[in-house]
Each structure stands twice: as structure tokens, then as C-alpha cells.
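Chains as they are written, first to last, in numbering that gives the first Met the number 0: chain A, 0 to 227; chain B, 0 to 251.
If you are wondering where the hints come from, they were derived from the structure by calculation, not from laboratory data. Each hint should be verified, as a subset may be incorrect.
As the list claims (entries may be wrong) - Across the chosen pairs, the derived CB separations fall in these ranges:
# : chain 1 : residue 1 : chain 2 : residue 2 : range
1 : A       : Ile24     : B       : Gln176    : 29 to 39 angstroms
2 : A       : Leu201    : B       : Gln205    : 46 to 56 angstroms
3 : B       : Asp23     : A       : Asn189    : 36 to 46 angstroms
4 : B       : Gln65     : A       : Leu72     : 50 to 60 angstroms
5 : B       : Asp23     : A       : Leu201    : 50 to 60 angstroms
6 : B       : Asp89     : A       : Pro41     : 16 to 26 angstroms
7 : A       : Gly172    : B       : Gln205    : 37 to 47 angstroms
8 : B       : Asp23     : A       : Ile24     : 14 to 24 angstroms
Glycine residues also receive a C-beta, built at the ideal position from the N, C-alpha and C atoms.
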Amino acid sequence: MSGDWTAIWLTLKLAVISSLILMIIATPLAWWLAKWQHPAKPIVQAVIALPLVLPPTVLGFYLLLAFSPQSWLGSGWESLTGGQLAFSFAGLVIGSVIYSLPFAVQPLYAGFVQLDIKYLETAGMLGLSRTAQIRRVILPMVKPHIITALGLAFAHTLGEFGVVLMIGGNIPGETQVLSISLYDHVESLNYGQAHQLAIGLLIFSLILMSLLYRLNRKGRDAWNSRSG
Amino acid sequence: MNYRLCSLSVLLSFLLIPSAGLADTLKVAVAANFAKPLEQFATAYNEKTGNRVIVSKASSGTLYAQINHGADIDVFLSADSSRPQQLLEDGRVNASDVVTYAIGRLGYIQRSNASPDVETLKTFALAPTTRLAIANPRLAPYGEAARQALTSLVLWQHVSGALVYGNNVLQVYQFYQSGNVDHALLAWSLIKGEPGAVQLSDELHQPIVQQLAITATGADKAAANAFVDYLLSDEVQTQLPQWGYQRTGTRE
Chain A
0 MSGDWTAIWL TLKLAVISSL ILMIIATPLA WWLAKWQHPA KPIVQAVIAL
50 PLVLPPTVLG FYLLLAFSPQ SWLGSGWESL TGGQLAFSFA GLVIGSVIYS
100 LPFAVQPLYA GFVQLDIKYL ETAGMLGLSR TAQIRRVILP MVKPHIITAL
150 GLAFAHTLGE FGVVLMIGGN IPGETQVLSI SLYDHVESLN YGQAHQLAIG
200 LLIFSLILMS LLYRLNRKGR DAWNSRSG
Chain B
0 MNYRLCSLSV LLSFLLIPSA GLADTLKVAV AANFAKPLEQ FATAYNEKTG
50 NRVIVSKASS GTLYAQINHG ADIDVFLSAD SSRPQQLLED GRVNASDVVT
100 YAIGRLGYIQ RSNASPDVET LKTFALAPTT RLAIANPRLA PYGEAARQAL
150 TSLVLWQHVS GALVYGNNVL QVYQFYQSGN VDHALLAWSL IKGEPGAVQL
200 SDELHQPIVQ QLAITATGAD KAAANAFVDY LLSDEVQTQL PQWGYQRTGT
250 RE
């Protein structure tokens, strides 16, 4: 069971770090995407949405090839840090960020698209500075979308399995996350322990998602209200 | 509209009909390491008898779980003896339904030495600079054998911090092939004949006893028995060494 606690801690760490990085990447990306008009836009949107439809093993497979010391990414990382990307926590973070990207970008995109430019123009006319506009106009208006993006990115990373299975190498404390630990228990016929982990993850995810929808009750239908 | 619905349901019902009537189609589930030889034996068996064998491969643990939950499998070839024995304990099969079909061997593959031996492994594992991939000892018999071999060579302590675990031997091989590890211990059957590969002595680990269980019931049982008899026949067993396995005795 102590191994399971290590796995739980590692999974939370991965989900927190990945979702924070995702917010840093996804916010400007979604903003730019919401303003950008170009014939190539659907292609960019499709690329971001790919992890939604592709089996995680496809991503895992390409990451495994990209992480190898023979590739530019793997060798570049090795000369920078001296370490290897495959079988490392950093590698899992990279995998998770790509894997959960659409879950962060799409809600934010929907929020930014909804944002009426008139409010910003009015705020500008009233003399609000650019940062004040962001803080007092944009943020309150897209807050439900930010919460949704953060929550979904976090929850999705918690449940990540296929990618980690391919690039993790199952190292306790480094890459053995909850879903892998659970899989090990099932495979080695430890159904009791598997059940404990599975029910724990299920309840935790249920609470998390319920909280998310509760927080967003005011911004009802915020999830994909424009895009979906 | 009605016509469309009609043709759709006809199509669907075709898809849902089990391949009934093909009494002599056997469903065989095999542990990943033995999939390649089994597919070849199945083809030969088909040519010989006209009976079709459908092979599905996964890890032994997954296959066991599927069978335990009612999967329609006639013969289960495990990578170990513990899962077939477990089916026996569960009362799912009889003692006569469980039999050894091959003995596995452990191999070592690496990139630095063209003709390696056990000393190559020792030199590397005493002061590992890169990772060594083995199958997960908890899940895979070849992983357990690798752990035992490293322990007998008094290397376990030195190398345990540098290990990465594959889910099964095929994943270990994939870690090696993709260039993410330069050293791996895995089934000899997978790496036999490759550059940089060497078979490790059988004395370094407990025998990797690969057993099968006949899980077929009723009418399929005879067909399953016939196929198992073929697998245990001299014709098949004498081919096992060239696949990287040791042959086994005859069925009791």
C-alpha cells in the first residue's frame, strides 16, 4: 500500500504541474486563436484537438521515438540536462501537456470568442489601463472558462494511462502513476488492491467534476456553448 | 426510410451472428512472447487438418482476467505456470487440462559489444551509466527470471536503481529497438540472431515453465485437445529450439 501512496502523490504532482503549465500555454494560444482569422485556422484547431480522438498509444509511440537519444529532442534534452527524457518525470510532464492540451484550450477559446469587443472598447474609453482591462473585464467574464479549463486539464491528466504506459517504464516514485499502479494490481491478480485504487480514483474524479460544475453554475452552459 | 432501416438491421444482424456452424474454429489466446511461433504452428495445423485457429495475443495477466470473466477462449497459452495453475485452483479447468508446452530462456541484448557474454552484462551492471530494461517481475515471468539472474550474479543491488520496467517482454524489446535503452534482459526467443544478443545460462534463474490450459467446454473440447496434442507432438517440439525455447516432454 505504501507504493500506492507514492503513486497517488506522484499522480497529483504530475497533474498539478501539467495543468499549471497548460494554463500558461493554453491561455495565450486560445486568445490568439480566438482573434486569428485565416484559411489555415481549422488545421491548427484540428492539430490541437487531435489528442481527443487519437488513441493515447499513438501519442505515446511518437513520444517514445522522439525521446530516444537518436532524435533531436532526446539528444537536445540530454545535452541540456544530462538526463534522459524517456522514463523520467519530465518526460511524463511533456506527454501530459500535449495529451491534455485540447481540454485546456477549448474552454478558454470558447470564452474568448464570446467576449464582446465592445466591453473592452468601453473600458478603454473609460480610461482603464490594459492590465486593468484584463483584471476587471476579461478575467471576470471568462472566469468559468478558466475554471473549466484548469479542472478538465487536471482531471484528464489524473486519468492518463496509455501515454504513460508507453513512455514511463513503470519506475516507482518517478513514473509509476496511479493508473499504472492500478493496472499492475489487475495484471498481478491483486484485485482487492486494484479495487481500492479504482474506487478511490472514481470517487475523487466524481467529486472534482461535481465541484467544477457547481462552481460554474452561474456560467451555465459555458462548456462549449459556442463551439459545440 | 423503412427500407433503409430494414437493410440496416439486416446488416447489423449479420455482424452480430456468431460464427456458428464452424465447429472446428479454435480460439487460442497466447502470451505475447510465444505469439510468433504459435501463429506459424497454427498455419501449419490449418494446412494439415483444415481446422482454423484464431490467435489472440496479450499479456498472460490480461488473458487470465478475460478468461476468468467468461471470455470465449478454447486454449490459453500462458507465459508462466502460475496462471494456468490458478485456473485449476479456481475449478475452471481440470488437472489434465493443464500442461507444459515450452520452457523459456532468458537473453541479454546490448549495443556496445558485438559478441557479448555474461561478463559484458557484469561490467555494465556493476556501474550502470544508462538504464537497463527488464519486464516487470510482478507481471511477467521473464521479468522475474531477469530479477533472479541479476540476483544470482550479485548485480541486483548495483543495477536496481537503473532499471526500467516494461509491461511485458515485447515492451522491453520496444524500449531497446526505439533506442531509449541500450541494455535489456528479455525472452531469448525475441532476440535470437540479433547483433549484440546472447543467451544467458539457464542456471541463473528458475526454469521459465510455460504452461497452457484447455479452457474449452462441451463440443469444442475435442478440437482443443487435438490442437494441444499437435503442439506437444515431436513435429512442433523439435522446432522449439530454433525459436529460442527448450522443448518439453510429452503430455501425461
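Hints and how they fare:
1. A/Ile24 with B/Gln176: 29 to 39 angstroms: holds, 32 angstroms
2. A/Leu201 with B/Gln205: 46 to 56 angstroms: Taking Cβ atoms as reference, A/Leu201 and B/Gln205 lie about 38 angstroms apart, which means the hint is violated.
3. B/Asp23 with A/Asn189: 36 to 46 angstroms: holds, 38 angstroms
4. B/Gln65 with A/Leu72: 50 to 60 angstroms: Violated: the Cβ-Cβ distance is about 37 angstroms, outside 50 to 60 angstroms.
5. B/Asp23 with A/Leu201: 50 to 60 angstroms: violated, 43 angstroms
6. B/Asp89 with A/Pro41: 16 to 26 angstroms: violated, 54 angstroms
7. A/Gly172 with B/Gln205: 37 to 47 angstroms: violated, 28 angstroms
8. B/Asp23 with A/Ile24: 14 to 24 angstroms: Given about 57 angstroms between the Cβ atoms, the range is violated.
Of the hints listed earlier, those the structure fails to meet are numbers 2, 4, 5, 6, 7 and 8, in rising order.
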